[in-house]
Amino acid sequence: MTLKTEDVRNIAHLARLQIDDDSLDQYTSALSDILTLVEQMNEVDTSGIRPMAHPLDATQRLREDAVTEPNLRDKFQAIAPDVEKGLYRVPKVIE
Amino acid sequence: MNKTISQIQQGLAKKEFSSVEITQDYLTAIKQHNPAINCYISVTEDLALQQAKAADQRIASGNAQALTGVPLAHKDVFCTDGVKTSCGSKMLDNFVAPYDATIIENFKAEDSVMLGKTNMDEFAMGSSNENSYYGIVANPWDNERVPGGSSGGSAAAVAAGLAPAATGTDTGGSIRQPAALCGVTGIKPTYGRVSRYGMIAFGSSLDQGGPFARTAEDCAILLQTMAGFDQRDSTSIVQPVPDYSTSLGNNIKGLKIGLPKEYFAEGLDAGVASVIESAIDEYRKLGAEIIEISLPNTKFSIPVYYVVALAECSSNLSRFDGVRFGHRCDSPVDLEDLYKRSRAEGFGEEVKRRIMLGTYALSAGYYDAYYLKAQQIRRLIKQDFEQAFKKVDVIAGPTTPEVAFKLGDKTDDPVSMYLQDIYTISLNLAGLPGMSIPAGFSQGLPVGLQLIGNYFDEARLLNTAHQFQLSSDWHIQTPEMK
Amino acid sequence: MAAWETVIGLEIHAQLATKSKIFSAASTAFGSEPNTQACAVDLGFPGVLPVLNAEVVNMAIKFGVAIDAKITPVSVFARKNYFYPDLPKGYQISQFELPIVGQGDLSISLEDGQSKIVGVTRAHLEEDAGKSLHEEFTDQTGIDLNRAGTPLLEIVSEPDMRSAKEAVAYARKIHTLVQYLEICDGNMQEGSFRCDANVSVRPMGEEKLGTRAEIKNINSFRFLERAINFEVERQIDLIEDGGKVAQETRLYDSDKDETRSMRSKEEANDYRYFPDPDLLPVAVTDDDIERIRASLPELPEQKRQRYISDLGLSDYNAELLTGSRDIADYFEQALAKAPTLSSQIANWILGNLTGALNKADLDIKDSPISAVMLIELIDRIADNTISGKIAKQVFDAMWQGEGSADAIIEAQGLKQITDSGAIEAIIDEVIAANPDQVEQFRAGKEKVLGFFVGQIMKQSKGKANPGKVNQLLRDKLK
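Sequence order for the protein chains is A, B and C.
Residues 1 to 95 (the numbering used here) make up the first sequence, in order.
Residues 1 to 482 (the numbering used here) make up the second sequence, in order.
Residues 1 to 478 (the numbering used here) make up the third sequence, in order.
Excised from the complex, chain A in its bound form (with noise of 0.2 Å):
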């Protein structure tokens, strides 16, 4: 599978990763070498196999509800870029 420029222009954007047009092609190489070494896996046939998203068989514990988690706001925040009045702060975003 050959990838062209715009797609991995595309894929980029959706990863939210600045790519400049230089390494663009880098890229464009790389991503469709291992694709073709993906596209192996048409060799098999996967008719009627369950999909098998975990490797064992086991179904989700669940946590009774209570609250155990105490404020580490300072500590947490302590480590944070840009933090003011708690918030964490980021460009103004318009709705």
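All clues stand as given, with none of them false.
Calculated cross-link-like contacts (lysine to aspartate or glutamate; reagent style EDC-like; alpha-carbon spacing at most 16 Å):
#	chain 1	residue 1	chain 2	residue 2
1	A	Lys-85	C	Glu-136
2	B	Lys-299	A	Asp-45
3	C	Lys-19	A	Glu-69
4	C	Lys-216	C	Glu-11
5	A	Lys-92	B	Glu-336
6	A	Lys-92	C	Asp-139
7	B	Lys-299	A	Glu-43
8	A	Lys-85	C	Asp-139
9	C	Lys-173	C	Glu-298
Simulated restraints on C-beta separations:
#	chain 1	residue 1	chain 2	residue 2	range
10	C	Ala-294	B	Ala-66	48 to 56 Å
11	B	Gln-239	A	Glu-84	43 to 51 Å
12	A	Glu-43	B	Gln-239	32 to 40 Å
13	B	Glu-345	C	Met-262	24 to 32 Å
14	A	Asn-42	B	Arg-58	55 to 63 Å
15	A	Asn-71	C	Glu-136	18 to 26 Å
16	B	Glu-386	C	Glu-136	51 to 59 Å
Treat the hints as calculated values from the structure; they're not laboratory data.
From the three backbone atoms N, C-alpha and C, an ideal C-beta is built for every residue, glycine too.
Please build the complex by placing chains B and C on the supplied structure of chain A, with the hints as guidance.
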């Protein structure tokens, strides 16, 4: 400086040395050799000495536990409260974790001493440890060669005698492959055996933590502390943890060892093959029955793995967005700029490649062809093993197709790098436990024998490895440190 | 001009009334200081993992059982991937292919007295996002993640509604139901119960659905009705002017009473759903379902039927009384004290009490007149201590906090006069004072009787027993 954990335990118990003394010895060795090997990202000297001092007091008061005062290194993928946890990434260069991973808590509860945090491929993505923001790690056997990855720092630290043992994580071979290339012993437990809480995720359905040590006996000791149910991890399994040490001495006469023919096919280096054959002969001598088996879908494990692991990682790494922690770009002009530049600057090339590929595999129109197809073949791979374990107790083969390669050899060719994981990856897809133990040398470099066990059969794996180590001395060989 | 048909489907987000969050043990309480109830899991810190709250699963099953829906034996949590500052992990944990509650349905009562079945496509569990505060700083948006991880049940209807009124009736019905089930507090101001409306129009008789717009941010039933009506008109005007409705997300602005396109969400989203590898499939057994079914309270529909058949209430009153769990609880509390007075109690609650509550903008839970106080008043009417008219006066005094019915009657001397002698004395006085009217009555003008009753009641300050007055007056006038 090449003591095993059990030797350190005995030495501390017999008061041959104190925890402060042995810790200081390791810290001195680290100072001397880490610049060349670069296996540590952070050395927590003050903390280590403080913990050692407290441990010595416990020992003096007669309240020592199994690991009291034993120095260890931890892969920098495990969150450590108050200590920088970088995951090998610029993204987390400023990240001082506000909590401990469960396994770190477990080791703390046993009063072990933390020497530092070991180097690794960024976000555990790599097979050579060349993808770290903190520089490459050298293989202690040959500084021009890779130590393997992603837990390259941990494997190299143990091989170089800069830690008696270390923790690691294994998503596609990241414990077993570096253990093999550095000539140490490592075990990846069954998925769900060791808590993933506080372990920074790469591929959530594949990641599993485990120990590196010189011996299987030491691995048993460390796994005892790491393993067990954790209510904070939904994928942790409620299953009692057996005493791994008591079964080490069991006789393995009659043990059925399966050799998958696909693991000895094209692509396996001849030197590695002959070392593995000798190791198998050793097992024959120990009374094991050797049976040829087939794991027909082995070849597909690589494409399947890269789809599953990369799909999961593309989503797992979305939280690194420059908002609440981690790297943030300078003066973002708007939200999109904040996201795109912070992530582009914070992540290295391999991580970006993988995020993009995973994003693509999950995107509209491709999900069925990639993600769903991979999950279907994943089941076939698991079924291959289920069939095999009806006939045999343990599966054996090479851990890697070749010995440690030269630094830079494969960096331009991701696909050839990915092929290094051909024998290790399918276990992660199936969730099975596996070990790598030193089995000899080829071209003067260590060769690892991989042992694969059935689900939750770590005790038998450790026993099988220990019996080999009782009759061989490959595991006690150490590189010459200049 | 063509006749248009409106087609509406609703997506209702009901915040589940748990103590802790869906995947973490942080508190869900409303109104705390920003980010003080956001733990490492809610903040999406590296390495931390979600663990599902048992109560959330119970509540979803409760809802499913109440609408006779299929409960999915093994449901799956998936990740919905997108970047937004109030979404800490870069994905929302939700249910996609296998929601916990499958197809069900709900009957709504329409204004014309008819009822209509509205299909519920599914209801799934998911985590709420945090809040973006745009007004706090000039060039920055502030992010508060206290709400992140609050459990939501998203209830998706079929596009079965044909008018804003039907949509409101359905939304109210769900609102009532979740409160009966005690799985959601229903507080719309605090955002515990939110509606998104998918609105489209098509020419009458056309089978194919028109392009729909999704209206978000509707936080009251009144706004729901207005937003839909505005949107329907907008779409019809657009089409009739030769335009095309765009499939888009629109925001309802209650100040301007209009909907407008949300540009920020216009970009085609590719959510890349896949099963969350950090969570395992959720298994629900038949035993779980039966245990929960047995624990359900009496539901509004069952209650309504019972009020009509057992208590003999009118359809209308039964509907109103069961319209909210709090009203029904109030009614039943009063009824427990006086089982024979059901229709009187109903009338008082739906009449004077509701009137006073509405005027004061109070919830029945906060009524200054409790059910026990009200029944004392109704008892006094029933035992002829006071008349209905005086009772209204007593009610007003009770509302003002002047005490219990008995205390007020006593203090203000409002006890009804039933003594024949005393009433006769008043009647004699009135007859003597109005000889002309007496003449008229005797000449056959029956209507004059009302005049006399009025005069007598006035004279007695309303305290004379009206039955007695009538009877005695006729005798006297003969």
